[in-house]
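In the order they appear, the protein sequences are chains A and B. Be aware that the first sequence starts at 1, since it is given in our numbering, and climbs by one per residue. Be aware that the second sequence starts at 1, since it is given in our numbering, and climbs by one per residue.
Accuracy of the hints is not assured; some may be wrong.
Note: identical chains are not told apart, hence a pair may lie in one copy or across any two.
Claimed, not checked - Derived lysine-lysine pairs resembling DSS-like cross-links, with alpha carbons at most 27 Å apart:
1. K68 x K528
2. K152 x K386
3. K293 x K263
4. K393 x K420
5. K223 x K148
6. K528 x K107
7. K453 x K420
8. K528 x K34
9. K393 x K343
Hints in this document: simulated from the structure, not taken from any laboratory.
Protein chains: 2
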Amino acid sequence: MIEKLGNLRRTHMCGELTKDNINEQVVLMGWVQKRRNLGGLIFVDLRDITGISQIVFDNEISVESFEKADAIRSEYVIAIKGKVVERQSKNKELATGDIEVFVNELKILDKSETPPIYIKDNDEVSEKMRLQYRFLDLRKSYMQNNIKIRHKTAKIVRNFFDENNFLEIETPVLNKPTPEGARDYLVPSRVNPGKFYALPQSPQLMKQLLMVSGMDRYYQIVKCFRDEDLRANRQPEFTQIDAEMSFVDIDDVISINEKLIYKIFKEIKGIEIDLPIKRMKYDEAMESYGSDKPDLRFEFKIKNISNVVENSEFKVFSGAIASGGSVRAINIKGYENEFSRKKISKLEKYIKTYGAKGLAWIKMNEEGISSPILKFLSEEEIGEIKQELDIEKGDIVFIVADKDKIVFDSLGHLRIEVAKTLDIIDEDIFEMVWITDFPLFEYDEDEDRYVAKHHPFTHPVDEDIPLLETEPEKVKAKAYDIVINGDEIAGGSIRINNTELQQKMFRALGFTEEEAWKKFGFLLEAFKYGVPPHGGIAYGFDRLVMLLTGMKNIRDVIAFPKTQNATSLLTEAPTEITEEQLKELSIQVNMSELK
Amino acid sequence: MIEKLGNLRRTHMCGELTKDNINEQVVLMGWVQKRRNLGGLIFVDLRDITGISQIVFDNEISVESFEKADAIRSEYVIAIKGKVVERQSKNKELATGDIEVFVNELKILDKSETPPIYIKDNDEVSEKMRLQYRFLDLRKSYMQNNIKIRHKTAKIVRNFFDENNFLEIETPVLNKPTPEGARDYLVPSRVNPGKFYALPQSPQLMKQLLMVSGMDRYYQIVKCFRDEDLRANRQPEFTQIDAEMSFVDIDDVISINEKLIYKIFKEIKGIEIDLPIKRMKYDEAMESYGSDKPDLRFEFKIKNISNVVENSEFKVFSGAIASGGSVRAINIKGYENEFSRKKISKLEKYIKTYGAKGLAWIKMNEEGISSPILKFLSEEEIGEIKQELDIEKGDIVFIVADKDKIVFDSLGHLRIEVAKTLDIIDEDIFEMVWITDFPLFEYDEDEDRYVAKHHPFTHPVDEDIPLLETEPEKVKAKAYDIVINGDEIAGGSIRINNTELQQKMFRALGFTEEEAWKKFGFLLEAFKYGVPPHGGIAYGFDRLVMLLTGMKNIRDVIAFPKTQNATSLLTEAPTEITEEQLKELSIQVNMSELK
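Kindly generate the complete structure, drawing on both the sequences and the hints.
This is the structure:
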């Protein structure tokens with residue numbers, strides 16, 4: 001019953017037939033979306049990646065085709081030859097809704113069992129099923145659209161970099177294990193027993209070497225790997241748009257990347273963004289939004305009211321300040337009536353996951369000001385808080401008192417949670433901001449030393465270089481992130497380009513000369529021989545495509561993603577291997593640690 | 001002494017200044033190629049990725065710059081501002097040889113120690129040094145040119161596929177270990193203890209799934225991995241141009257790929273190749289050239305003279321035929337006088353590495369025919385050989401008698417070796433041929449069963465399908481390789497697209513139903529739900545770039561290659577890892593197998 005393609009060749013795609021094709025003989029091929037037998041006529045929706053055409057089998061045109069058509073079922077693969085005619089009852093929902101194709105030849109190219117998931121966008125099947133039957137899930141039009149947008153975005157990026165004299169250069173996948181940062185995926189070497197490669201977390205060192213090599217401008221769209229415990233929108237392997245340029249400073253990198261971002265949004269979304277994209281210093285982002293990834297689609301800025309309450313009798317406030325923390329608040333202007341006690345207590349529970357001990361609030365409505373903490377505050381303090389936070393009728397403010405880190409984290413998440421709850425986020429706009437002037441270091445409590453906030457090759461802001469040896473915590477970095485709608489889409493920095501400064505940096509990180517050489521020897525060796533000023537950027541490509549497609553789930557923009565357990569439900573990778581394979585690699589499995 | 005870039009920005013690249021720029025103020029940045037101090041003038045060749053400009057420091061223009069310039073050495077990174085003037089003594093070897101730049105401002109951006117290898121194309125340093133100091137080796141102009149051609153080729157490929165509606169789709173790097181074929185690189189899973197991923201040898205199964213998903217046309221330029229003992233031009237990680245299309249047969253895949261190949265050669269080499277590219281069946285390639293990768297830049301065809309000598313008294317010939325082998329020969333027309341006894345005995349030694357027991361030869365010159373085997377042959381046989389091989393004055397023929405495999409292998413390599421020795425291969429021409437009608441199976445002596453010559457999903461030639469169960473050795477495959485100048489540049493096939501045929505194939509390979517499911521379960525599952533006819537191709541991208549750049553060493557077209565021992569002399573990967581890392585992965589190193 002299954003037939004060969006033979007000499008039959010497709011003349012059109014299913015989604016492209018219009019009135020212009022009327023009376024043409026066409027050959028279409030694709031999958032049967034649905035089939036209806038109405039007496040002497042069988043109607044089939046035929047689907048390919050471009051869309052659907054209605055095709056009609058008429059007993060009076062071809063008995064043979066009609067009879068064969070009676071046997072076809074959903075997801076059969078067929079080829080048809082037929083004549084395009086104008087449709088009696090047009091279907092405005094369909095691009096090809098003006099026409100239908102009357103078939104005079106049918107070939108059944110492959111059969112199908114009843115598929116375990118429906119091929120329609122809102123099938124409401126579990127994600128487990130979708131991942132297990134990914135080859136069916138990818139037949140859905142929205143999934144195919146995601147893949148198309150991913151393709152198109154990659155193409156725009158590649159053309160842009162090419163036009164700007166960036167060379168696409170491939171860096172190795174089998175690398176040296178990295179001494180700092182996240183956990184590597186490791187690959188035992190068979191020919192070098194007992195030794196391991198690491199899959200790259202990023203091509204950072206290699207792209208710096210390319211600048212040392214005089215390649216001038218480099219880019220790559222490249223898979224990177226992190227063996228970390230996976231959070232919701234993380235994948236063990238992810239894709240980076242990676243770029244680096246020589247003889248530049250911050251503004252050069254930012255400026256060229258703005259042009260790229262402009263181009264992507266214009267070509268994919270039809271939106272012309274304003275250039276230059278606004279910039280915000282790290283400190284301001286933290287102060288106003290409690291995050292270095294502020295979502296600027298809505299206000300709800302954080303305000304510091306520490307000066308108002310530092311001497312308050314209310315020890316929750318004044319105590320937090322006395323022990324080096326602060327009291328900060330957000331005025332949710334005009335939404336007082338949206339927050340029942342129940343809702344507030346839910347919010348409080350939410351921010352406790354970020355370390356807050358509690359959530360204070362003050363409402364103002366027809367009946368005046370109300371709040372559980374009023375009784376602890378003086379009239380004067382209440383008045384000043386009211387003024388400082390501009391509390392008017394209809395407002396509700398939320399206040400957190402704690403160490404700065406906790407206050408920022410709690411209120412930063414609170415403002416987003418509130419905006420989501422109120423459903424005031426416009427999903428059609430894209431608010432972009434460059435965050436700059438990051439701290440160069442952050443203190444690692446576990447290791448009891450400063451660690452690089454980005455990586456140990458980030459260039460300090462020029463005027464802060466003298467502070468490296470005295471007050472490293474005050475040194476800002478020549479680093480920049482582009483944040484869109486609260487997501488970090490790309491980040492980069494200017495790199496250190498001379499040995500003396502690099503050594504100062506290592507000293508500030510607490511590395512001895514010997515340790516530094518052990519960890520980064522080949523880069524330090526390269527640094528002896530003339531390094532141009534250089535800097536670059538890396539985009540999270542999966543995240544960028546999520547933003548462009550409006551997907552909330554990273555797995556919806558990756559053809560074959562893994563679960564949060566880093567497994568493939570489709571192929572069942574990873575799997576056990578044979579004793580012989582282990583022997584060849586000079587390793588053995590040792591589960592004793594797990595017992 | 002080292003200065004910051006400050007506000008200075010490059011106005012031109014070093015390689016692009018011409019007479020048109022005379023009198024312009026320009027800013028150039030780059031590396032010092034060489035410096036000559038001629039009294040009051042210092043001449044510097046300044047180099048970037050585009051080329052070299054001569055810059056001049058004149059004591060009378062800027063004393064400060066002149067004095068700083070006196071300190072600069074080879075490979076220092078500098079920025080200069082100056083005026084373009086016409087050169088007194090033009091340098092025709094240099095693109096910018098008409099001009100020089102008189103400097104009024106100099107910044108030294110980084111110093112350099114004396115580099116361990118010279119930055120010039122013919123430095124005659126060992127490859128070990130080149131790989132260890134790759135960041136310097138990549139400063140050489142021919143190496144940068146290789147990287148540029150690689151970039152440009154990738155760009156042509158991507159644009160071509162995009163224009164032809166192929167979607168770039170990324171397939172996973174962390175895969176299920178493959179049951180057939182070469183050895184996988186394996187990656188232990190931390191979160192799934194005792195289980196392993198495999199790095200892909202090719203995205204074969206995933207791209208077939210994409211066709212099942214209705215993606216219609218797919219391509220990817222993608223890293224693949226094989227943990228095999230490395231031969232000269234092999235790398236553990238290599239790059240493939242991978243493509244697959246639906247609703248096609250052989251001619252469709254060949255035709256679109258010919259257009260791509262045409263485009264690549266036109267844009268990179270300026271050569272318009274003739275389309276269609278000629279085709280040759282596998283059997284003919286073996287018979288005439290002793291190889292399925294024939295180099296057609298020269299003749300020296302193999303001829304079968306078995307029928308002439310099958311009854312010969314000379315048992316070396318007749319015996320080989322009697323035991324199922326053959327006697328074949330090549331006439332090296334007109335080069336008789338190039339082959340001394342010493343040279344012939346060298347050739348004999350060479351072909352013995354391919355299993356031949358000896359090399360017979362017959363010469364004809366002024367003095368008539370001569371050969372060590374004449375005495376074993378009858379007059380009549382000699383006459384027939386002469387006629388069959390068209391032996392004329394000035395010719396020499398080489399004859400091998402053995403099993404077919406050995407005869408083909410020996411003479412196939414001999415004809416190439418001879419052509420190389422005679423130096424008659426034109427390196428500027430590209431002789432292309434599609435090899436088709438490969439056998440579907442080959443017999444694996446070790447496993448005592450048929451194995452797939454390409455892979456188990458290759459579609460048999462339609463008319464041979466009935467032979468699958470009776471005479472599998474006779475079944476031809478819908479497979480095709482494109483061979484250029486004796487190198488296999490790409491290969492592919494039409495795939496099986498229905499379950500019944502796939503099962504027949506597995507049976508022919510000796511797999512039980514259960515084994516087949518264990519090995520290829522997810523593909524077989526996918527095959528239940530409507531598979532379009534499909535086929536594709538994969539190019540060895542590194543090899544293609546070797547061909548386009550004329551490089552003989554695969555490492556010269558890869559930025560950061562590995563040695564034949566699969567190590568990086570630059571980064572020293574692979575390396576030992578810590579006990580803690582091993583524990584986390586639930587593995588331990590077991591060197592006992594090596595003792």
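Next on the checklist: Please sort K393 with K420 into within, between, both or neither, judging by C-alpha distance up to 27 Å.
Outcome noted: within (22 Å within a copy, 93 Å between copies)
Next on the checklist: If the cut is 27 Å between Cα atoms, do K528 and K107 qualify within a copy, between copies, both or neither?
Outcome noted: The answer is between: 18 Å across copies meets 27 Å, while 69 Å in one copy does not.
Next on the checklist: Please sort K453 with K420 into within, between, both or neither, judging by C-alpha distance up to 27 Å.
Outcome noted: neither (30 Å within a copy, 58 Å between copies)
Next on the checklist: I want to check one pair: K68 and K528. Are their C-alpha atoms no more than 27 Å apart within a copy, between two copies, both, or neither?
Outcome noted: between (75 Å within a copy, 20 Å between copies)
Checklist entry - Between K293 and K263, at a C-alpha cutoff of 27 Å, which is it: within one copy, between copies, both, or neither? => result within (22 Å within a copy, 45 Å between copies)
Next on the checklist: I want to check one pair: K223 and K148. Are their C-alpha atoms no more than 27 Å apart within a copy, between two copies, both, or neither?
Outcome noted: both (19 Å within a copy, 22 Å between copies)
Next on the checklist: Treating 27 Å as the Cα threshold, decide for K528 and K34: within, between, both or neither.
Outcome noted: between (68 Å within a copy, 18 Å between copies)
Item to check | Alpha-carbon proximity context of K393 and K343, limit 27 Å | outcome: within (20 Å within a copy, 104 Å between copies)
Item to check | Intra- versus inter-subunit Cα pairing at 27 Å for K152 with K386 | outcome: neither (51 Å within a copy, 64 Å between copies)
In summary, the numbered hints that this structure violates are 2, 7.
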